[in-house]
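A.B. asks: In terms of our numbering, the sequence shown has 39 at position 39, counting the first letter as 1, and numbering is strictly consecutive.
If you are wondering where the hints come from, they were derived from the structure by calculation, not from laboratory data. Just so we're clear, the structure is a prediction, and the values are computed from it rather than from any experiment. There could be a bad hint or two in this list.
Under the rule of at most 27 Å between Cα atoms (straight-line distance), these lysine-lysine pairs were calculated in the DSSO-like manner [claimed, not checked]:
id, residue 1, residue 2
1, K24, K87
2, K24, K81
3, K86, K24
What follows is a set of in silico ranges between Cβ atoms, one per label pair, in the way DEER data are often shown [to be verified]:
id, residue 1, residue 2, range
4, L111, Y19, 27 to 35 Å
5, M84, F5, 19 to 27 Å
6, L111, E55, 20 to 28 Å
7, K81, F12, 22 to 30 Å
8, W25, K86, 17 to 25 Å
All C-beta atoms in this analysis are idealised placements derived from N, C-alpha and C, irrespective of residue type, glycine included.
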Amino acid sequence: MISYFYIAIGGFLGAISRYAVSQKWNGPALPYGTLFVNLAGAFLIGCLAGVTPSETVYLLAATGFLGGFTTFSTMNLELAKQVMEKKYRAFLIYGAITYIGGILLAYAGFLLTGIR
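Generate coordinates for the entire structure from the input sequences, incorporating the hints supplied.
C.D. replies: Below you can see the structure in the form of structure tokens.
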């Protein structure tokens, strides 16, 4: 039962942090705030995977905080809106940076802190 508490606390802090970053950095051309949280989250979860933290730390930091901080659904809504608004260049740039950058940053985080 205590596991749920760690996830809830981390999720609350992550969601509040995401909201603050998005409010400050999302712009009319690209949603920079969402892009930042997703790329930062990919890097940080790679770092956590590399150091293999205790279950408590993983639940609080990865499942909770990073689960609340990053946002797949918001990103996809923003991508869909860019298509509907015929902002195809922004769609391609944002989508490519998010997916390719996310994979590369998760890998970099793992390499930076990891065993391999």
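A.B. asks: It remains to establish, for every hint, whether it holds in the given structure.
C.D. replies: Here's how the hints hold up against the structure:
no. : hint                     : in the structure
1   : K24 <-> K87              : 22 Å, holds
2   : K24 <-> K81              : 20 Å, holds
3   : K86 <-> K24              : 25 Å, holds
4   : L111 <-> Y19: 27 to 35 Å : 31 Å, holds
5   : M84 <-> F5: 19 to 27 Å   : 40 Å, violated
6   : L111 <-> E55: 20 to 28 Å : 23 Å, holds
7   : K81 <-> F12: 22 to 30 Å  : 27 Å, holds
8   : W25 <-> K86: 17 to 25 Å  : 24 Å, holds
In the structure shown, a violation is registered for the earlier hint numbered 5 alone.
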